[in-house]
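Residue numbers (our numbering), protein chains in the order written: chain A, 26 to 395; chain B, 26 to 395.
These aren't lab readings, by the way, just hints derived from the structure by calculation. None of the values given here were measured: they were computed from a predicted structure. Treat the hints with care, since some could be wrong.
Note that identical chains are pooled: a pair holds if it fits in a single copy or bridges any two copies.
Straight-line C-alpha distance at most 30 Å; calculated DSSO-like pairs for lysine-lysine [as the list claims (entries may be wrong)]: (1) 307 x 97; (2) 196 x 182; (3) 65 x 307; (4) 224 x 133; (5) 34 x 224; (6) 197 x 263.
Listed here are the chains, written in short residue letters.
Number of protein chains: 2
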Amino acid sequence: MFNFKLICKDGEARAGEMATAHGTVLTPTFIPVGTQATVKTISPMELRKIGAQIVLSNTYHLALRPGAAVIKAAGGLHQFMGWDGATLTDSGGYQLMSLAPLCKISEKGVGFQSHFDGRRYFFTPENVIELQGEIGADLIMPLDECCSYPCEHDQAKRAMELTCRWAERSKKAHHSNAQALFGIIQGGLYPELRVECIKNLTSLGFDGYALGGISVGEAKILTYELLNECLSLLPEDKPRYVMGMGTPLDLLEGVKRGADMFDCILPTRYGRNGTAWTSSGKVIVRNAENVSLFIPLDESCECYTCRHFTRAYLRHLFSVNEILGMSLVTYHNLFFYMSLMAGMREAIVKGKFQEFYNEFLIKNKEVENV
Amino acid sequence: MFNFKLICKDGEARAGEMATAHGTVLTPTFIPVGTQATVKTISPMELRKIGAQIVLSNTYHLALRPGAAVIKAAGGLHQFMGWDGATLTDSGGYQLMSLAPLCKISEKGVGFQSHFDGRRYFFTPENVIELQGEIGADLIMPLDECCSYPCEHDQAKRAMELTCRWAERSKKAHHSNAQALFGIIQGGLYPELRVECIKNLTSLGFDGYALGGISVGEAKILTYELLNECLSLLPEDKPRYVMGMGTPLDLLEGVKRGADMFDCILPTRYGRNGTAWTSSGKVIVRNAENVSLFIPLDESCECYTCRHFTRAYLRHLFSVNEILGMSLVTYHNLFFYMSLMAGMREAIVKGKFQEFYNEFLIKNKEVENV
Chain A
26 MFNFKLICKD GEARAGEMAT AHGTVLTPTF IPVGTQATVK TISPMELRKI
76 GAQIVLSNTY HLALRPGAAV IKAAGGLHQF MGWDGATLTD SGGYQLMSLA
126 PLCKISEKGV GFQSHFDGRR YFFTPENVIE LQGEIGADLI MPLDECCSYP
176 CEHDQAKRAM ELTCRWAERS KKAHHSNAQA LFGIIQGGLY PELRVECIKN
226 LTSLGFDGYA LGGISVGEAK ILTYELLNEC LSLLPEDKPR YVMGMGTPLD
276 LLEGVKRGAD MFDCILPTRY GRNGTAWTSS GKVIVRNAEN VSLFIPLDES
326 CECYTCRHFT RAYLRHLFSV NEILGMSLVT YHNLFFYMSL MAGMREAIVK
376 GKFQEFYNEF LIKNKEVENV
Chain B
26 MFNFKLICKD GEARAGEMAT AHGTVLTPTF IPVGTQATVK TISPMELRKI
76 GAQIVLSNTY HLALRPGAAV IKAAGGLHQF MGWDGATLTD SGGYQLMSLA
126 PLCKISEKGV GFQSHFDGRR YFFTPENVIE LQGEIGADLI MPLDECCSYP
176 CEHDQAKRAM ELTCRWAERS KKAHHSNAQA LFGIIQGGLY PELRVECIKN
226 LTSLGFDGYA LGGISVGEAK ILTYELLNEC LSLLPEDKPR YVMGMGTPLD
276 LLEGVKRGAD MFDCILPTRY GRNGTAWTSS GKVIVRNAEN VSLFIPLDES
326 CECYTCRHFT RAYLRHLFSV NEILGMSLVT YHNLFFYMSL MAGMREAIVK
376 GKFQEFYNEF LIKNKEVENV
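Let the sequences and hints guide you as you build the complete structure.
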C-alpha cells in the first residue's frame with residue numbers, strides 16, 4: 026500500500042511521491058499537527074483547501090482521550106475526524122517525556138500517569154504498535170526515548186540504544202501492510218551516536234526514517250549541522266522525516282539538506298496567538314500599527330484570509346478575543362507553509378532550488394524573522 | 026433602497042421580502058448575532074453556506090472597539106467584516122443597561138463607562154444615529170431605554186415615554202436613504218404602555234418596527250401574550266422585528282403571531298457550550314452516552330457538521346477543549362435555525378403553517394426541550 030518514489034534531486038534537495046492508502050503525498054511536505062485528532066481551529070474541509078495532504082495526530086493524547094478503542098469503533102482515525110487524506114501518528118515518546126508526571130522508563134517500556142487525570146498507563150513498544158493499529162493512521166512511529174536538551178553523552182547513548190532495541194521490538198510487533206512503520210533516529214547532538222543509530226535502524230529496515238529529538242532548544246546552527254551529518258546517511262529510496270522542526274527557514278534549510286517531511290506546531294500555535302508568516306516576514310497582528318491598516322496580512326497571498334480580511338479586522342478580532350481571529354490567522358499560516366512547500370518542490374523539479382532558497386532569504390530580510 | 030413587500034399571509038403568519046442595499050432578505054428570517062462584527066466562531070463564507078442573509082452587530086460594542094471611525098475608514102461594516110449580505114446594527118440601548126457600570130440616563134442621553142476599560146462615553150439619540158451612519162449597516166435602530174424585568178409600571182411608563190421622545194429625535198437626525206431606521210417599542214409587560222408606544226411610533230413613521238425589552242426573564246406565556254397584543258397593531262406593510270428572543274419554539278410562536286425578524290444569541294452561545302438543537306429536541310454533546318455514538322447530531326440534517334462528523338467526535342472535541350467543536354456545533358445550530366425559518370416560510374406560502382407548527386411540536390416531544 027505504502028510506497029515512496031524519489032522523483033528527482035536538485036543538489037541534496039529531493040522531490041518525491043509518497044503513496045498511502047489515503048492518497049498520494051507530494052514531498053517535500055509539511056504535516057499540519059492535529060494532536061487530538063483535530064488541527065486546532067481548522068476543519069478538514071479547510072485543510073483540503075489549504076492544500077494539506079497528510080495530518081499528524083498523537084498516540085499518547087488519543088490513547089488517553091477518547092481512547093484507541095473509541096477511534097477503532099469509529100472506523101479509524103480518518104473516519105473519526107472526518108479527514109480522508111493521509112494520516113500519521115506519532116508514538117507519544119516525546120509527549121511522555123514532556124507531559125507525563127512520574128514517567129518511569131525501563132527496558133520493558135514506560136510507566137506514566139496521564140497529564141489529564143492522573144490515571145496510570147504502561148506503554149511498551151508492542152502495545153504502542155497495537156494502539157496505533159487501532160487508531161489506524163497510514164504512517165506510524167515506534168516508541169522511542171527522546172532526550173531533552175542539553176543532554177550528557179552517556180544519557181544520550183543509553184536513550185539511543187534503548188530506542189534501537191525498542192525499534193526492533195516494534196518492527197516484530199508490526200504486521201500490518203496498511204500501515205507504514207518509520208524508524209526514529211535518536212542520539213542527541215552527538216553525531217557518532219546518530220550514525221550508530223542510523224546503522225542499526227537501516228539494517229533492521231523501515232518504511233521511512235525520522236530524525237527525533239531535535240529542535241528541542243539547541244541553537245539552529247547545531248540543528249542544521251546535525252541534519253548535514255544525518256540526512257546523507259539515510260537510504261535514498263525511503264522518505265526522511267524531520268520531526269517537530271518547522272519555522273519557514275527550518276523547512277528551507279531542511280529541504281536543502283535532503284529532508285522530505287516536516288511537522289511542527291508553529292503555524293497553528295502562532296496563528297492562535299496572532300502571529301502570521303508572510304512573504305516579507307512575520308506580522309504581529311495585535312501591533313498598534315494594524316489598527317487601521319486596511320491591507321491583507323500578505324498582499325501576495327491567495328488564501329481565504331488574505332483575499333477577504335484586512336489586518337485592521339484581524340487585529341480587532343484579536344483585541345476583542347474573537348475565535349475567528351485565531352482560525353483566520355491559523356488558516357493563513359498553514360496556507361503559507363503549504364505554498365512554501367509547493368514552491369520548493371516546483372523549484373527542485375525545475376532544478377532551481379538554490380534560486381528559490383536565495384530569493385526566500387532576500388524577501389525575508391532578517392533571518393530572525395523567518 | 027430599503028423596501029419591504031408582504032408576499033402572503035397564512036393566519037397571522039407572514040411571508041415577505043425585504044430589499045436592502047446588500048441583497049434581499051426573505052422573511053420570516055433569523056438574524057445571526059455578530060455583536061463584535063463577527064458571528065462567534067463562524068466565517069462569512071460559512072454564514073453564506075448556512076443560508077444567512079442578514080447579520081446583526083452592536084453599536085455599543087463597535088463604538089468601544091474598534092471605534093466607529095475605524096469601521097468607516099474600512100469602508101463600512103460590510104467591508105470591515107468581509108460580509109456582503111445585509112447587516113443590522115442594534116443601538117446599544119440594551120447593552121448600556123446590562124453592561125455599562127455607572128450608566129446615567131437623562132433626557133439628553135446616556136452617560137456611561139466602557140465595560141472594557143472604564144473610558145467615559147455619552148450616547149444621545151443623535152450621535153447613535155451618527156455612529157451607525159459611520160458603521161454603515163443597512164438597518165439601524167434608535168437609542169432606546171430598555172427596562173429590566175420585573176419593572177414597576179411607573180418606571181416602564183417613564184422609559185417608554187423617553188424611548189418615544191428619543192425615537193422622534195432619532196428620526197430627525199436620520200438623513201440617509203441607504204439606511205433603514207426602525208422604531209423600537211418599549212413598555213415592559215404592560216399592554217397599555219406598549220399600545221401607546223406603538224401609536225406614537227407609527228404616527229412618527231419608521232421603516233420597520235421592533236419589539237424591545239422582551240425575553241428579559243419573564244415567563245414565556247407572558248412574552249407570547251404580549252406578542253399577541255402588539256404585533257396585530259403594527260402596520261401590515263412594514264417589517265416586524267422581535268428583538269433578542271429566539272429558542273426554536275419562540276421563533277415558531279413569534280411567526281405564528283405575525284413577526285418577520287428575530288435575532289438571538291442562543292444558537293451561537295449554545296453552540297459554544299456544546300448544546301445542539303435537532304429535529305428531535307436538544308442534544309447535550311458532552312453527555313456520556315455520546316462517547317461512542319457514531320451518528321450525527323441530527324440524522325435528517327444536511328449541514329456540514331451532520332454530514333461529516335459524529336456525536337462521538339464532537340464530544341471528544343468538547344472534552345479536550347478543542348475550538349473546532351464549538352464552531353461545528355455553532356454551525357449546525359445556525360443551520361438548524363435557518364432551515365426552520367425556511368421551512369416556516371415555505372409552509373406560509375403553501376398555506377400550511379398550522380400543519381408545520383403542529384408537526385414541529387410533535388417531533389420535539391417536550392416543549393421544555395425546544
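Would you pick out the hints that fail for this structure and give their numbers low to high?
-> The structure conflicts with no hint, since it agrees with every one listed earlier.
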